[in-house]
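Visitor: Listed below, chain by chain, are the residues.
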Amino acid sequence: MSAKLLDIRDLVVEFRTEAGLLRAVKGVDLSIAAGETLALVGESGSGKSVTSLSTMRLIPEGVGRIAGGEILFRGRDGTVRDLVHLPGREMAGIRGSEIAMVFQEPMTSLNPAHRIGAQIAEAARLHEGLGRKAARARAVEMLKLVDIPEPERRAEAYPHQLSGGMRQRVMIAIALVCNPTLLIADEPTTALDSTVQLQILVLLRRLQDELGMAILFITHNLGVVAEIADRVAVMYGGRIVEDAPMAEILTAPRHPYTRGLLASVPRTDHAARAAGRRDRLQAIPGSMVDPLKPPPGCDFAPRCAWAQEACTAAVPVLEGVASGHHARCRRWREIV
Amino acid sequence: MSLSFLIRRLLGAIPLLFGISLVLFTIIHLAPGGPLDVYADNPSVSAEALDQIRARYGLDDPVPIQYVKWLSAMVVGDWGLSIRTGRPVLDEIVLRLGPTLLLGGISMALAFCLALPLGVISAARRGSRLDEAVTLGAFAGISLPVFWSALLLQLIFSIWLGWLPSAGMKSVGDGSLSDRLLHLIMPVTVLSLATIASWSRYIRSGMIDVLGQDYIRTAYAKGRRETAVIALHALRNAMIPAVTVIAIDFVTIISGAVITETVFAWPGIGRLFIESMNGRDYPMLMGLMMMGSVGVVLANIIADLAYAALDPRIRHG
Ligand SMILES: Nc1ncnc2c1ncn2[C@@H]1O[C@H](COP(=O)(O)OP(=O)(O)O)[C@@H](O)[C@H]1O
Ligand SMILES: [Mg+2]
Chain A
1 MSAKLLDIRD
11 LVVEFRTEAG
21 LLRAVKGVDL
31 SIAAGETLAL
41 VGESGSGKSV
51 TSLSTMRLIP
61 EGVGRIAGGE
71 ILFRGRDGTV
81 RDLVHLPGRE
91 MAGIRGSEIA
101 MVFQEPMTSL
111 NPAHRIGAQI
121 AEAARLHEGL
131 GRKAARARAV
141 EMLKLVDIPE
151 PERRAEAYPH
161 QLSGGMRQRV
171 MIAIALVCNP
181 TLLIADEPTT
191 ALDSTVQLQI
201 LVLLRRLQDE
211 LGMAILFITH
221 NLGVVAEIAD
231 RVAVMYGGRI
241 VEDAPMAEIL
251 TAPRHPYTRG
261 LLASVPRTDH
271 AARAAGRRDR
281 LQAIPGSMVD
291 PLKPPPGCDF
301 APRCAWAQEA
311 CTAAVPVLEG
321 VASGHHARCR
331 RWREIV
Chain B
1 MSLSFLIRRL
11 LGAIPLLFGI
21 SLVLFTIIHL
31 APGGPLDVYA
41 DNPSVSAEAL
51 DQIRARYGLD
61 DPVPIQYVKW
71 LSAMVVGDWG
81 LSIRTGRPVL
91 DEIVLRLGPT
101 LLLGGISMAL
111 AFCLALPLGV
121 ISAARRGSRL
131 DEAVTLGAFA
141 GISLPVFWSA
151 LLLQLIFSIW
161 LGWLPSAGMK
171 SVGDGSLSDR
181 LLHLIMPVTV
191 LSLATIASWS
201 RYIRSGMIDV
211 LGQDYIRTAY
221 AKGRRETAVI
231 ALHALRNAMI
241 PAVTVIAIDF
251 VTIISGAVIT
261 ETVFAWPGIG
271 RLFIESMNGR
281 DYPMLMGLMM
291 MGSVGVVLAN
301 IIADLAYAAL
311 DPRIRHG
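Line by line, the protein sequences are chains A and B.
Residue 94 in this note's numbering sits at position 94 of the first sequence; the count goes up by one each step and never skips.
Residue 71 in this note's numbering sits at position 71 of the second sequence; the count goes up by one each step and never skips.
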């Protein structure tokens with residue numbers, strides 16, 4: 001594997017809320033190599049979006065801030081810079097050009113007042129100084145790339161004239177227009193129907209083969225990424241609780257939370273569908289830790305079948321399980 | 001959104017205007033007093049003379065008949081004669097329209113040019129000192145009665161300091177550009193202050209709403225910086241809710257800023273209205289109010305067209 005493209009170290013993100021200081025991300029380490037796909041998985045509220053928005057430096061100012069850590073990013077020119085401390089102008093130069101993002105809400109992420117084509121070409125005009133005509137051609141080309149039929153006509157359409165799946169394709173086209181080295185996809189399929197979800201996944205995978213960008217794929221559903229991710233990082237309560245190569249997560253998860261996530265994956269494979277049923281989800285009992293009142297010790301202990309008294313004494317450390325596999329659980333050795 | 005839509009809207013307004021005219025006619029005739037009251041205590045006007053005037057203006061007829069007569073004249077473009085001056089209503093109105101358009105137009109243009117940046121900046125810097133100052137100023141501007149601020153300005157700048165003329169459009173025997181501009185300063189200030197205050201609030205709230213939208217985040221994710229995000233992505237969408245308010249306010253002021261014109265003796269529609277009201281000049285009042293009603297109806301149609309221009313979801317159904 002080549003050198004790291006993105007290397008997040010000990011990231012801490014805080015929000016000021018009416019109820020007090022909320023620590024949404026509590027020391028996250030993540031790294032992605034060029035061309036690699038990393039899945040960041042966890043239930044809603046575990047801090048996935050905050051981690052990805054921090055990487056884009058899009059945490060709403062005044063409300064939240066990156067309180068610690070570094071986000072090292074290797075640019076196209078080969079220099080490694082810490083995005084946390086990059087001046088606003090330089091960060092804006094990276095956004096949309098080297099790091100791009102696709103959001104969860106395709107219905108609301110497009111500007112209702114602008115034509116699709118203009119929205120796709122916007123970043124290219126901004127970063128590459130493309131003229132009006134070249135921008136138009138580029139937009140049509142991108143629409144073709146994301147498999148939208150009649151691209152010339154669609155370029156002239158407005159967002160409300162497109163379906164959710166189409167809009168998410170457009171969002172992908174917007175993100176990829178400058179050929180970024182890192183694509184952050186924050187639950188890009190969660191808001192879509194399951195058939196459309198699959199199409200979008202297939203599309204992303206094909207685009208990665210063609211364009212070679214790295215992908216940080218965020219999801220709360222492990223089943224979604226089994227096909228496309230090289231590695232998985234599991235997040236809970238603002239911390240990474242386990243990370244490992246995809247295959248190992250599926251076959252040998254060591255953290256009780258990861259096991260819970262796996263058990264709650266809806267089966268959509270052929271066997272299940274042929275049987276005309278979807279297996280009952282075994283949801284993890286209990287609910288996501290309240291970030292304003294984290295429990296003592298391990299965040300997951302109150303919901304964990306394996307929890308012992310010692311678990312509530314201190315936050316467990318991320319221990320090496322195998323090469324490239326870590327788990328933040330005192331009892332990982334017993335969990336097989 | 002097309003020509004046929006426009007025609008349909010205009011045709012649709014006709015019954016509405018009929019209804020309005022009926023209500024207005026009834027109300028002004030229900031109000032106590034009449035146009036000839038001014039002569040009632042005047043011994044030099046004989047009873048016969050009064051009867052003659054009454055007959056000439058059709059004031060003897062029952063109110064419904066008067067209405068039908070007025071209406072049938074109106075639809076063929078005859079606005080009638082002013083009882084107070086004896087001159088055609090339309091001529092009087094046209095004469096007063098110029099000064100009102102001048103005062104109202106300048107005030108509205110100024111109000112828009114100031115309200116827009118104030119609203120945008122206070123939305124973009126929500127909660128900052130600047131926003132708090134703008135908010136305070138806006139509430140002061142909205143709650144200060146116009147007559148009060150007008151009189152205060154007159155007191156300070158005309159009486160105490162003597163810098164500005166207190167009333168009228170121009171000085172007797174002058175009328176140069178600078179003289180006219182000096183006369184405009186105070187009425188324009190008074191008229192635009194309250195408007196700036198209210199429009200900046202509408203623009204601020206529209207802007208705050210839009211700045212929280214997902215597509216604004218998308219624009220930042222493309223590498224746009226704040227100024228470009230506001231100018232290219234937020235402004236147009238933020239203006240949509242303010243459009244109707246601005247259009248209606250515009251018409252209201254163009255059809256006569258009654259208080260401002262009265263305090264500053266501005267020879268416009270607003271003062272004509274007060275003069276006509278005092279004299280119960282029915283044909284003139286009806287003419288003025290119908291003009292105002294047509295203005296409001298047109299403003300609504302223009303607001304709809306502006307919506308469509310700003311928002312493709314409306315344009316394309
Ligand atoms: N703008 C914000 N203001 C306050 N709290 C926030 C904000 N954004 C996220 N949070 C909090 O941070 C935590 C993590 O949220 P998020 O990263 O969105 O979770 P998810 O893993 O579902 O993407 C949640 O508790 C959420 O309430
Ligand atoms: Mg999220």
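Just so you know, the hints here were simulated from the structure itself, not pulled from any lab data.
Note that the Cβ used here is the ideal one computed from N, Cα and C, for glycine as well.
Keep in mind that a hint or two might mislead.
[As the list claims (entries may be wrong)] Cβ-Cβ distance ranges computed for the label pairs, FRET-style: (1) Arg65/A to Cys113/B: 35 to 45 Å; (2) Asp214/B to Glu227/A: 44 to 54 Å; (3) Ala140/B to Pro87/A: 32 to 42 Å; (4) Ser4/B to Met288/A: 51 to 61 Å; (5) Arg65/A to Gly168/B: 50 to 60 Å; (6) Met288/A to Asp214/B: 15 to 25 Å; (7) Met107/A to Asp179/B: 58 to 68 Å.
Visitor: Run every hint past the structure and note whether it holds.
Guide: So, going through the hints one by one against the coordinates:
no. : hint                             : verdict
1   : Arg65/A to Cys113/B: 35 to 45 Å  : holds (36 Å)
2   : Asp214/B to Glu227/A: 44 to 54 Å : violated (27 Å)
3   : Ala140/B to Pro87/A: 32 to 42 Å  : holds (39 Å)
4   : Ser4/B to Met288/A: 51 to 61 Å   : holds (55 Å)
5   : Arg65/A to Gly168/B: 50 to 60 Å  : holds (59 Å)
6   : Met288/A to Asp214/B: 15 to 25 Å : holds (23 Å)
7   : Met107/A to Asp179/B: 58 to 68 Å : holds (59 Å)
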